[in-house]
Amino acid sequence: MKNKVVVKFKDFSFQYYSQAEPTLTDINIDIKSGEKILIVGPSGSGKSTLGHCLNGLIPFSYRGIMKGELEVGSLVTKDHSIYDLSKVIGTVLQDSDGQFVGLTVGEDIAFAMENDETVSSIMHTRVKSVSEMVGMDQFLGSSPFELSGGQKQRTALAGVMIDDVDIILFDEPLANLDPATGKRAIEIIDEIHQTTGKTVIIIEHRLEDVLHCHMDRILLINDGKVVADMNPDEMVSSDLLIRYGIREPLYATALKYSGVKIESTIKPGHMSTLSLPLVKESILSWDAKVEYEIIDTKHEEILSVKHLNFSYDGTREILKDINFTIHKGEMIAVVGTNGAGKSTIAKVLCGFEKETTGTINYLGESIANLSIKERAEIIGYVMQNPNQMISKNLIYDEVALGLRLRNISEEAIKDKVEHALKICGLLPFMDWPISALSYGQRKRVTIAAILVLDPKILILDEPTAGQDYKHYSEIMNFLEEINEMGITIIMITHDMHLMLEYTKRAIVLSKGEIIADASTAEVMTDDLIIEAANLKETSLYTLAKAVNIKNPTSFVQHFIEYERREVRGR
Amino acid sequence: MRTKLFSYNYLDTPIHKLSGLTKILSFLLLTFAVMFSYDIRCITGIMIFAFIIFKMAKIQWSQVKLMVVYVIVFVLTNAIITYLFAPEHGVELYGTRHELIKIFGRYTMTLEQLFYQGTKLVKYASVIPFGIIFLMTTNPSEFAASLNKVGVHYKLAYPVSLTLRYFPDIQRNYQDISLAQQARGLEMSNKASLKSRFKNALMIIIPLIFSTIDRIDVISNAMDLRGFGKGKKRTWYSGKKLAKIDYIALGLSLLIFMITIYVSIFINHSRFYNPFI
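As you go down the protein sequences, you meet chains A and B in turn.
Everything in the first sequence is counted per our numbering, starting at 1 for the first residue and increasing by one.
Everything in the second sequence is counted per our numbering, starting at 571 for the first residue and increasing by one.
Think of the hints as simulated: they come from the structure by calculation, not from any bench.
Quantities reported herein were computed from a predicted structural model and do not represent experimental measurements.
Glycine is no exception: its CB is placed at the ideal position from the N, C-alpha and C atoms.
Mixed in with the good hints there might be a few duds.
Claimed, not checked - Below, a sample of chain B positions facing chain A; criterion: calculated Cβ distance under 8 Å:
(1) E662
(2) Q752
(3) N791
(4) M793
(5) R796
(6) R804
(7) W806
(8) I826
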């Protein structure tokens, strides 16, 4: 059945009832049976809406005006229910925890069969065989709390494969996964594609990570239209990615810096296909030419943690003998797998949890006796999801909250709030309701609400999670500005781009212990650390090794410095 | 460590092995028997039975201590209020009057009232262990399945299991939000007045609701996409097949139920056992 068209958009457009403009216009796409397609596009481009149209959530859950034709399998979507469609196309959503509706892995995988009124014995056999395909057969009785993000996602994958669908749709599968797990997820998708021959459609903006494995075509969506439909080589060679706010693969950026003209002929679509002999000379000569003096001006110590231990129950140690020092004005990353103790360190620093033993000094003085409220005036903590912090209607009130709770006069509050809003670029919106703001703006509101308390250190939990390149850059440039004003910034993250571009130092945690405290370039080129912290090798390092650069770590360092100074002018 | 609301742990006991359906049916039969009958002989028998099952299920006292304390407080309050409002109810029920002591005004203590309230206490003491056993030994996964099997529509039963699934998430989320708001200066201790404590609680609950709504959207989409709500019925992956032990348990519960009813109808000729005539 090769070459049979299984998805056909014909002059398709869609407009939500709640929107003034159509979200999708003039969509014409043919996807053939067995193809592996990547759909990329910035936030708000309409790529998620496209996914909703494919799996039937539009018009089942989200209503609007649909024009033109859309056929999935042999079904014309507007004439069929979401249930009919679910037998043809299965969807793995980005929130691998939220979509876990069963109490155990087995139940979750069986969910669709339960709804089909399948008898128990058949379900158990089928669940067993499907779970083997994704390597979850040893975990059928496990509850979601015992599983890692990657395992939850595999469960979700098994949950849609149980229906033996022809098409599998992945809606931002990498959004909540750490780099190593994300890489593995892409490999599993590839394996399933190769062994079953199913049609695979991936919606994702993290292009480089998806291109870890082969892709037949990439569709680039912008402003509700398909602006490009190319193979990976053509796409990476074009200037379309940059024009539409999609991050190009890092190795491609490195090639450009070294003066290589990127064309289809050098096969730049995947790192693994790149024609090395054609680029080797340029890279080697660039690396030899670039030399930066690393100015390491260490300021005074602002925070020092010594022999810190922490345990919830007195037996199982969550943090073991943690020692580190942070200097004033630094911007550093804390990395590690889920459960390595990253968030716990933040909680102990903020006083949310009390250390079992050890000392935390701020400017040389112990802060052990300060309450949560008092510590907040030294160390501010910004949660990952802004919706977890916002409790007022108006921006002004939200930012003023911490001051009002400290019984400061309204006049003094006004000055401080306006100052914080100005820093965050929100002054013109001061009297706006928060509900009118975008996600990125809300994030700024929560940062402003913390900055207003005038902390000297800011801890941010995954500041850029789930953001596309444009919003990521906005948030990070903003944080960099705050940092330049003298606020020390600690970021808990597993975004490797963030580490590479914005932090000079990284503290790596594994199983409650610090296993590395070194420059970002060193951390990201050390195989042992990469493995222990669930990071993955950056393609810069892969490239450097592939062309036999003597010191690949210094190549990565050169790239970082070049980008920081020549490109971003910092 | 935080205490968990439903601390189901699988233990290798005959009670844990019973299917959820058996447990819910037995629970209903025995509870109904106790609720129906006011015959202290039958109820005491059932109470002893309840304690034996409790032992068999190897439930640790520490697991249920808090729950039991609450229940005792409730039951005692209930007893006192019952007496205050209807001190002569026993006399009305049993038709005789054996006065023990005079307390105050119309409040006298009669043997009948004592017997009536004693019977009620024993009723509570036998029903509550069954409730605890049911909660502690039923696999949450089976909970919804068993509700569905006794006739509750699956669209009502499934949310029960979903609540169990997402409850710990919401709990954790609440904890995180609460801490972050405390850092901003929120006073959560007893120092604040009742009014400001209420206002402060809102500052945690509002973000909690908003971040929970985000999730509900994801969950309901995930369920729709996998065909939830398609048919009139659904089957259950975790529903156990009834085994020999289930039939024994069901038979025993039914027997106790019938004996209680039989005693009431054919021996006492009333729901009440009257030792005074």
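Hints, one by one, checked against the model:
A hinted interface residue such as B/E662 counts as satisfied when its beta carbon comes closer than 8 Å to some beta carbon of chain A; here the least separation is about 50 Å, so the hint is violated. A hinted interface residue such as B/Q752 counts as satisfied when its beta carbon comes closer than 8 Å to some beta carbon of chain A; here the least separation is about 5 Å, so the hint holds. Here the hint on B/N791 is kept, as its CB sits about 6 Å from the closest CB of chain A, short of 8 Å. A least Cβ separation of about 6 Å between B/M793 and chain A falls short of the 8 Å threshold, and the interface hint therefore holds.
A least Cβ separation of about 4 Å between B/R796 and chain A falls short of the 8 Å threshold, and the interface hint therefore holds. For the restraint placing B/R804 at the interface with chain A, the shortest Cβ-Cβ distance is roughly 5 Å, inside the 8 Å limit, so the hint holds. The closest approach between the C-beta of B/W806 and any C-beta of chain A is roughly 6 Å, which is under the 8 Å cut-off, so the hint is satisfied. Because the closest C-beta pair between B/I826 and chain A is about 30 Å apart, greater than 8 Å, the hint is violated.
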